[in-house]
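Protein chains: 2
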Amino acid sequence: MRKIGVLGGMGPEATIYFMQQVVDAVQARDDADHIPLVVDNNTQVPSRIKAILEGGGEDPGPVLAQMAKGLVGAGAEALVMPCNTAHFYADQVTEATDKPFLNMVDMACAEAARIAPGGMVGLLGSPALQQVGVFEAALAKVDLNPVYASEQGRMLATIRSIKAQGPSEFAAHTLSDICTQMVADGADVICICCTEFSLLAKEIEAKAPLFDALQLLVGAAVAFSRSGAPLEQAGSIASGVATAG
Amino acid sequence: MRKIGVLGGMGPEATIYFMQQVVDAVQARDDADHIPLVVDNNTQVPSRIKAILEGGGEDPGPVLAQMAKGLVGAGAEALVMPCNTAHFYADQVTEATDKPFLNMVDMACAEAARIAPGGMVGLLGSPALQQVGVFEAALAKVDLNPVYASEQGRMLATIRSIKAQGPSEFAAHTLSDICTQMVADGADVICICCTEFSLLAKEIEAKAPLFDALQLLVGAAVAFSRSGAPLEQAGSIASGVATAG
Numbered sequence: 003m004r005k006i007g008v009l010g011g012m013g014p015e016a017t018i019y020f021m022q023q024v025v026d027a028v029q030a031r032d033d034a035d036h037i038p039l040v041v042d043n044n045t046q047v048p049s050r051i052k053a054i055l056e057g058g059g060e061d062p063g064p065v066l067a068q069m070a071k072g073l074v075g076a077g078a079e080a081l082v083m084p085c086n087t088a089h090f091y092a093d094q095v096t097e098a099t100d101k102p103f104l105n106m107v108d109m110a111c112a113e114a115a116r117i118a119p120g121g122m123v124g125l126l127g128s129p130a131l132q133q134v135g136v137f138e139a140a141l142a143k144v145d146l147n148p149v150y151a152s153e154q155g156r157m158l159a160t161i162r163s164i165k166a167q168g169p170s171e172f173a174a175h176t177l178s179d180i181c182t183q184m185v186a187d188g189a190d191v192i193c194i195c196c197t198e199f200s201l202l203a204k205e206i207e208a209k210a211p212l213f214d215a216l217q218l219l220v221g222a223a224v225a226f227s228r229s230g231a232p233l234e235q236a237g238s239i240a241s242g243v244a245t246a247g
Numbered sequence: 003m004r005k006i007g008v009l010g011g012m013g014p015e016a017t018i019y020f021m022q023q024v025v026d027a028v029q030a031r032d033d034a035d036h037i038p039l040v041v042d043n044n045t046q047v048p049s050r051i052k053a054i055l056e057g058g059g060e061d062p063g064p065v066l067a068q069m070a071k072g073l074v075g076a077g078a079e080a081l082v083m084p085c086n087t088a089h090f091y092a093d094q095v096t097e098a099t100d101k102p103f104l105n106m107v108d109m110a111c112a113e114a115a116r117i118a119p120g121g122m123v124g125l126l127g128s129p130a131l132q133q134v135g136v137f138e139a140a141l142a143k144v145d146l147n148p149v150y151a152s153e154q155g156r157m158l159a160t161i162r163s164i165k166a167q168g169p170s171e172f173a174a175h176t177l178s179d180i181c182t183q184m185v186a187d188g189a190d191v192i193c194i195c196c197t198e199f200s201l202l203a204k205e206i207e208a209k210a211p212l213f214d215a216l217q218l219l220v221g222a223a224v225a226f227s228r229s230g231a232p233l234e235q236a237g238s239i240a241s242g243v244a245t246a247g
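Those sequence lines, one after another, are chains A and B. Oh and the first sequence: position 157 is 159 in our numbering, straight run, nothing missing. Oh and the second sequence: position 29 is 31 in our numbering, straight run, nothing missing.
Extracted from the complex, chain A is given alone in its bound form:
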């Protein structure tokens, strides 16, 4: 099995949740059946939300590129980043090493296109996603349009409360409310695209199909680790898993 490098710590709870999902995805008889991961649970990455929403502060991009190099140095054969907002810096991560970066945003867009071809995708994620259009190019490529929450302040407050106090019933209710609004605004499918919200994926209710981008990343990481395919096929493996749902 090939070792997967995880650019983590954004936040640490989400990274741990990703790791647990990877463990749960495997039918194991012993440790050795599980996927080997090397994880930089770097809680000191400059705030992505701050850099994007408020401007100023240290640029997270070079820090993420350095983490990618360190993980490959520690044996990673592919990289993942369980933080949707940080995918704003995906190009810098991709260019930092010669190993494939399994792009969660691309996977999410492929999955949304499978569920609602040509439709509208409600993006249940950080306001920073909208501000800099983290999903826009990837959605346009598969002929989809985004629906953002009208109450972005409420979304941001919810992220901050989960980062500080962990997932709560109140946060789940808030996110279900926001889903209802996004469906009223035309969303055909809803994508959980904030790994803090992934912690509440089972508690969020929506009147449209709902999926979690993080689960696609879990599937892609497991498939990549197990496959003996050459590195250049990694992208297609990842999207293969993503589109298979």
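Take the hints with a grain of salt, since some may be wrong.
Computed list of lysine-lysine pairs in DSS-like fashion (alpha-carbon distance at most 27 angstroms, straight line) [as the list claims (entries may be wrong)]: (1) A/71 with B/101; (2) A/71 with A/101; (3) A/101 with B/71.
The calculated label-pair distances, taken between Cβ atoms and stated as ranges, are [claimed, not checked]: (4) B/207 with A/27: 31 to 37 angstroms; (5) B/207 with A/57: 29 to 35 angstroms; (6) B/135 with A/28: 29 to 35 angstroms; (7) A/28 with B/158: 19 to 25 angstroms; (8) A/28 with B/29: 29 to 35 angstroms; (9) A/34 with B/133: 19 to 25 angstroms; (10) B/97 with A/64: 30 to 36 angstroms; (11) B/209 with A/28: 33 to 39 angstroms; (12) A/168 with B/138: 39 to 45 angstroms; (13) B/207 with A/144: 20 to 26 angstroms.
No lab work stands behind these hints: they were computed from the structure. Backbone N, C-alpha and C define an ideal beta-carbon position, used for all residues, glycine too.
Given chain A's structure and the hints, the job is docking chain B onto it.
Below, chain B without anything else, positioned relative to chain A:
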């Protein structure tokens, strides 16, 4: 905050549990308040139980030494290994780099000596601990004697069931039974010294004080990360935390 390197994957659930405990130990307002970790969740370390109990197979020692080097290369300023049995190879890990290794077995013995000075310590852990005396020297140093479970086969079966199916109520009952036996055999204090059993720490019942070696390691890692003390003081920081309970 200084980055802690984690020799993990033995098993992966225990590593994730350790990481979650480190997160839970911190009062955080944002990601940056959390302890940075770099984790080699290496599920492919040769089986410690197999190497020790059955002999033959690949030697885990050199693999662990290599992991230690990799973690220090990735920025770790101290190393931890959330697996008691693997502490059989502690010297090889310690000698692999010039960074301090926060030794969970030493911490556990210090804590047991604090609770029951000169007494008997029930070791709730892998049969491999007894077979090669992982705790013996460290216990002798603080004037304590070990009590092992009389039914080592039951212990091993419980470890294997947790590694394969995760923690269960049945496993917790079995471990509580074994605690009762160890207290009958003279144990003044019981130390959970298998990170698979740590997953059930809150469910295990004993008629003697019971503590979890892993929790001491969590405290030591947090204290080391936060302290600005020079590296040569790391050992005393670790044992300071351990003895403070």
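Now for the hints, and whether the structure bears them out:
1. A/71 with B/101: holds, 21 angstroms
2. A/71 with A/101: holds, 10 angstroms
3. A/101 with B/71: holds, 21 angstroms
4. B/207 with A/27: 31 to 37 angstroms: holds, 33 angstroms
5. B/207 with A/57: 29 to 35 angstroms: violated, 55 angstroms
6. B/135 with A/28: 29 to 35 angstroms: holds, 33 angstroms
7. A/28 with B/158: 19 to 25 angstroms: Holds, at about 22 angstroms.
8. A/28 with B/29: 29 to 35 angstroms: holds, 34 angstroms
9. A/34 with B/133: 19 to 25 angstroms: Between residue 34 of chain A and residue 133 of chain B, where Cβ atoms are some 21 angstroms apart, the hint holds.
10. B/97 with A/64: 30 to 36 angstroms: holds, 34 angstroms
11. B/209 with A/28: 33 to 39 angstroms: Given range 33 to 39 angstroms: holds, Cβ gap about 38 angstroms.
12. A/168 with B/138: 39 to 45 angstroms: holds, 40 angstroms
13. B/207 with A/144: 20 to 26 angstroms: The hint (20 to 26 angstroms, Cβ to Cβ) is violated, given that residue 207 of chain B and residue 144 of chain A are roughly 55 angstroms apart.
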